[in-house]
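Chemist: Here are the chains, one letter per residue:
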Amino acid sequence: MPEMKIITAVIKPHRLDDVKEALQSFGVHGLTVTEASGYGRQRGHTEVYRGAEYTVDLVPKVRIEVLAEDDDADSVIEVIVKSARTGKIGDGKVWSVPVETAVRVRTGERGPDAL
Amino acid sequence: MPSGFSGGDTAFVLISAALVMLMTPGLAFFYGGMVRVKSALNMLAMSFIALGIVTVLWVLFGFSIAFGPDSFHGLIGDFSMVGMRHIGMNQLSGTIPVFAFSMFQLMFAVITPALISGAIADRAKFSAWAVFIAFWVTVVYFPVAHWVFYTDNGKGGWLVDHVGALDFAGGTAVHLNAGIAGLALALVLGKRVGFKKDPMRPHSLPLVMLGSGLLWFGWFGFNAGSALAANGLAGLAFTNTQVATASAMIGWLIFERIKHGAFTTLGAASGAVAGLVGITPACAYISPLGAIALGLICGVLCAWAISLKYKLGFDDSLDVVGVHAVGGAVGALLIGLLATGGGGSAAKGLFYGGGFAQLGKQAIGVGAVGVYSFVLAWIIGMVIQKTMGFRVSEEVEIAGIDQAEHAESAYDFSAVGAALSKAFSSSAPAAPTAKKTAADSPAETKVDA
Numbered sequence: 000m001p002e003m004k005i006i007t008a009v010i011k012p013h014r015l016d017d018v019k020e021a022l023q024s025f026g027v028h029g030l031t032v033t034e035a036s037g038y039g040r041q042r043g044h045t046e047v048y049r050g051a052e053y054t055v056d057l058v059p060k061v062r063i064e065v066l067a068e069d070d071d072a073d074s075v076i077e078v079i080v081k082s083a084r085t086g087k088i089g090d091g092k093v094w095s096v097p098v099e100t101a102v103r104v105r106t107g108e109r110g111p112d113a114l
Numbered sequence: 000m001p002s003g004f005s006g007g008d009t010a011f012v013l014i015s016a017a018l019v020m021l022m023t024p025g026l027a028f029f030y031g032g033m034v035r036v037k038s039a040l041n042m043l044a045m046s047f048i049a050l051g052i053v054t055v056l057w058v059l060f061g062f063s064i065a066f067g068p069d070s071f072h073g074l075i076g077d078f079s080m081v082g083m084r085h086i087g088m089n090q091l092s093g094t095i096p097v098f099a100f101s102m103f104q105l106m107f108a109v110i111t112p113a114l115i116s117g118a119i120a121d122r123a124k125f126s127a128w129a130v131f132i133a134f135w136v137t138v139v140y141f142p143v144a145h146w147v148f149y150t151d152n153g154k155g156g157w158l159v160d161h162v163g164a165l166d167f168a169g170g171t172a173v174h175l176n177a178g179i180a181g182l183a184l185a186l187v188l189g190k191r192v193g194f195k196k197d198p199m200r201p202h203s204l205p206l207v208m209l210g211s212g213l214l215w216f217g218w219f220g221f222n223a224g225s226a227l228a229a230n231g232l233a234g235l236a237f238t239n240t241q242v243a244t245a246s247a248m249i250g251w252l253i254f255e256r257i258k259h260g261a262f263t264t265l266g267a268a269s270g271a272v273a274g275l276v277g278i279t280p281a282c283a284y285i286s287p288l289g290a291i292a293l294g295l296i297c298g299v300l301c302a303w304a305i306s307l308k309y310k311l312g313f314d315d316s317l318d319v320v321g322v323h324a325v326g327g328a329v330g331a332l333l334i335g336l337l338a339t340g341g342g343g344s345a346a347k348g349l350f351y352g353g354g355f356a357q358l359g360k361q362a363i364g365v366g367a368v369g370v371y372s373f374v375l376a377w378i379i380g381m382v383i384q385k386t387m388g389f390r391v392s393e394e395v396e397i398a399g400i401d402q403a404e405h406a407e408s409a410y411d412f413s414a415v416g417a418a419l420s421k422a423f424s425s426s427a428p429a430a431p432t433a434k435k436t437a438a439d440s441p442a443e444t445k446v447d448a
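These protein sequences, in sequence, are chains Z and R. Numbering that gives the first Met the number 0 puts the first residue of the first sequence at 0, with every later residue one more than the last. Numbering that gives the first Met the number 0 puts the first residue of the second sequence at 0, with every later residue one more than the last.
If you are wondering where the hints come from, they were derived from the structure by calculation, not from laboratory data. No residue lacks a Cβ here, since even glycine has one placed at the ideal position from N, Cα and C. All the given hints hold, so there is nothing to weed out.
Cut-off 25 angstroms, straight-line C-alpha distance, at most; resulting in silico cross-link-like pairs (DMTMM-like, lysine to aspartate or glutamate):
| # | chain 1 | residue 1 | chain 2 | residue 2 |
| --- | --- | --- | --- | --- |
| 1 | R | K195 | Z | E46 |
| 2 | R | K37 | Z | E34 |
| 3 | R | K258 | Z | E46 |
| 4 | R | K196 | Z | E52 |
| 5 | R | K258 | Z | D56 |
| 6 | Z | K11 | Z | E77 |
| 7 | R | K37 | R | E394 |
| 8 | R | K190 | Z | E46 |
| 9 | R | K37 | Z | D56 |
| 10 | R | K195 | Z | D56 |
| 11 | R | K37 | Z | E52 |
| 12 | R | K310 | Z | E46 |
| 13 | R | K190 | Z | E52 |
| 14 | R | K196 | Z | D56 |
| 15 | R | K310 | Z | E52 |
| 16 | Z | K87 | Z | E77 |
Taking beta-carbon pairs under 10 angstroms as the criterion, some of the chain Z residues facing chain R (in silico):
| # | residue |
| --- | --- |
| 17 | T45 |
| 18 | E46 |
| 19 | V47 |
| 20 | Y48 |
| 21 | R49 |
| 22 | G50 |
| 23 | A51 |
| 24 | E52 |
| 25 | Y53 |
| 26 | T54 |
| 27 | V55 |
Sequences and hints are given; from them, build the entire structure.
Modeler: Structural data, given as structure tokens:
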């Protein structure tokens, strides 16, 4: 059985600093951040260039990926949800998926030791 | 120096020539910012290459065709100044050296074909474009400059000396001429892939603003410099240039706010350029209050005219027709209404008691240049299309013309996926480069360590 999970969160870009701080306080030592774009229930916006109107429906987002031990996964999710929330539409999603293997590239450590 | 020489006038015209030269790179930024990122370099290069081609042709025969003594009914200059061989260093044209006059006029000849390029953004073969510039300036711009700008006591160009059409700095010869040629080429080349379907947002509005700022700055040389003397007429032209540009920007923005709900930066930049275009023919003949009116009219009319391409179904990509053809024609026609008789010409417009006489002459100028430019640009465009091909393939256009035509990318923001150099690594896989580059043969591109 996998002993780890990968937690992926898609959040509003301006919440990233708070989420990062909250995760650090919780004890998460590393994460990966990607700039992303997407849409959910949040609508896009309209832009106009010389009279040509464009609906921009992909909204800029930040995707965070965190590896955690099974036992910590729910708490990590909770930390992200709390620190990312503004209460307005477009706050994003968080989900987790089981992970089979993780290796620390420098040392070759495997499993939870690699986290 | 011979008598009649003016150091002040010469200094002013030389500086004005340099100002007008800067307008072509300015135009390159103005256009370059408006296209998508995949064709930004091509757009810049289409303007920049005009500095190369037109300059050489100007020395060889362009200056002589445009400003040589008239050889046939005001239609074309003679060939007495071919190669600029027989021009003396101290020979004067008015109060300034012929060389100074020639370089000032050259910069107009350079920017005019560059203006056309916006109509065929993203899709023209660079070689075909270069050939087009060479033929178009030779059979269209040089003769039309002769019609409009060459005065010789009634024996000069037919529009200025026979008809009496007024065009101080090129509303017809430069802007209408380029705008109509742009329309012809947009029809010859056809629409961009995805026109009216895919989003074609400008990739850099700051670049557009930079370009419009440089154009505005350089335009003082264009208009005030066309007085060819550091005098009151230059002061009037300078004033009207500033005033009409300001009011055109306001006019465009108000129109846009009412019609589309926002004051856009692209609208501010476009409105300013529309005003600059409109005031170009008229700057020496009207009053500052007239310039406010002219600017507002041009700003609003051009802001409306750019929507025509969607209704009529031609892809004038960067609105060369809507801004330059419409602005140039409107500015030239408004001379017939707003000329005070107290500026660079004694002719009075309708509103100053001159009746319809001048308006009629202006209409002849607009009609003649418009028709000639359209027909010749269309013919040259079609000949190029049928022989060497004017348009890149659909695959190239979709992938981005910069890579295929120039073997470059405009921006490199990413550390990932950087191209491997054949020159430094023999085992590296071939980077996808243009088919025509020398990279096909590694031996030739190897760099000596």
